[in-house]
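Please model the complete structure; the sequences and the hints are all you need to start from.
Okay, so the sequence shown: first residue is 1 according to our numbering, each after it adds one.
Heads up, some of the hints might be wrong.
[Unchecked claim] Okay, the calculated beta carbon distance ranges per label pair:
1) 28 with 165: 33 to 41 angstroms
2) 27 with 147: 41 to 49 angstroms
3) 86 with 43: 32 to 40 angstroms
4) 83 with 108: 37 to 45 angstroms
5) 133 with 93: 36 to 44 angstroms
6) 137 with 161: 34 to 42 angstroms
7) 76 with 162: 28 to 36 angstroms
8) 44 with 119: 23 to 31 angstroms
9) 18 with 163: 44 to 52 angstroms
10) 112 with 85: 47 to 55 angstroms
11) 46 with 133: 35 to 43 angstroms
12) 139 with 165: 32 to 40 angstroms
13) 115 with 83: 23 to 31 angstroms
14) 85 with 29: 22 to 30 angstroms
Simulated from the structure, these hints should not be mistaken for lab results.
Don't be surprised by glycine CBs; every beta carbon is placed ideally from N, CA and C.
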Amino acid sequence: MSVFLQQLPALIGVVVGALGSYVVVVRGDRMRFGREQAARWEERRLGVYADYAQSVKKTVTVAYRISAGNGIGHHPDPLTLADAERLLAEANLERDPAGEALIMLGSVDVAEKGRAWVVTVMEMERFVRTGDQDRDAWQALLDRQRAGRADYYAAVREDLGLPPGHSARWPVLTDDPVPPQR
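As structure tokens, then:
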């Protein structure tokens, strides 16, 4: 029995060491799993945010084209409302599921900024559907849409922990800078 008592401290040390190693490995695995899961959700949210922005932007582009067709906007490929109906319908059909994904996976702030942006875009769509020729009213809608888009992107960047991005305010030439060839 005295041999067992002499070996008992070593045996206790082995058991304590094994338990300690187990705890460290399990804790490390849990932390790694948590980091990997957070990265997956962040990647998924980025995809949802980008899909939503692209779906809203499709409506914006079609509205720009119709406004050019109505004589109040500038787009190199103007469309009449009749020619654009199918494109508007497709853009709206794509936007609905993207909006649902945004509500489901997005932060509250991003979802609110996305809602504000799309409300302005729907006003733009109504404006061009009526054939309104008020250039100042159209310009006000364009300015609100651009501000809404900037707010949405800023909220996305904040939610994902990204640095501030480009303002996306590029000067748009309304006249052809190249003189016509004679």
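Against the structure, the hints come out as follows:
no. : hint                             : result
1   : 28 with 165: 33 to 41 angstroms  : holds (35 angstroms)
2   : 27 with 147: 41 to 49 angstroms  : holds (47 angstroms)
3   : 86 with 43: 32 to 40 angstroms   : holds (33 angstroms)
4   : 83 with 108: 37 to 45 angstroms  : holds (39 angstroms)
5   : 133 with 93: 36 to 44 angstroms  : violated (29 angstroms)
6   : 137 with 161: 34 to 42 angstroms : holds (38 angstroms)
7   : 76 with 162: 28 to 36 angstroms  : holds (32 angstroms)
8   : 44 with 119: 23 to 31 angstroms  : holds (25 angstroms)
9   : 18 with 163: 44 to 52 angstroms  : holds (46 angstroms)
10  : 112 with 85: 47 to 55 angstroms  : violated (30 angstroms)
11  : 46 with 133: 35 to 43 angstroms  : holds (40 angstroms)
12  : 139 with 165: 32 to 40 angstroms : violated (24 angstroms)
13  : 115 with 83: 23 to 31 angstroms  : holds (29 angstroms)
14  : 85 with 29: 22 to 30 angstroms   : violated (56 angstroms)
Of the numbered hints stated above, those contradicted by the structure are hints 5, 10, 12 and 14, listed in ascending order.
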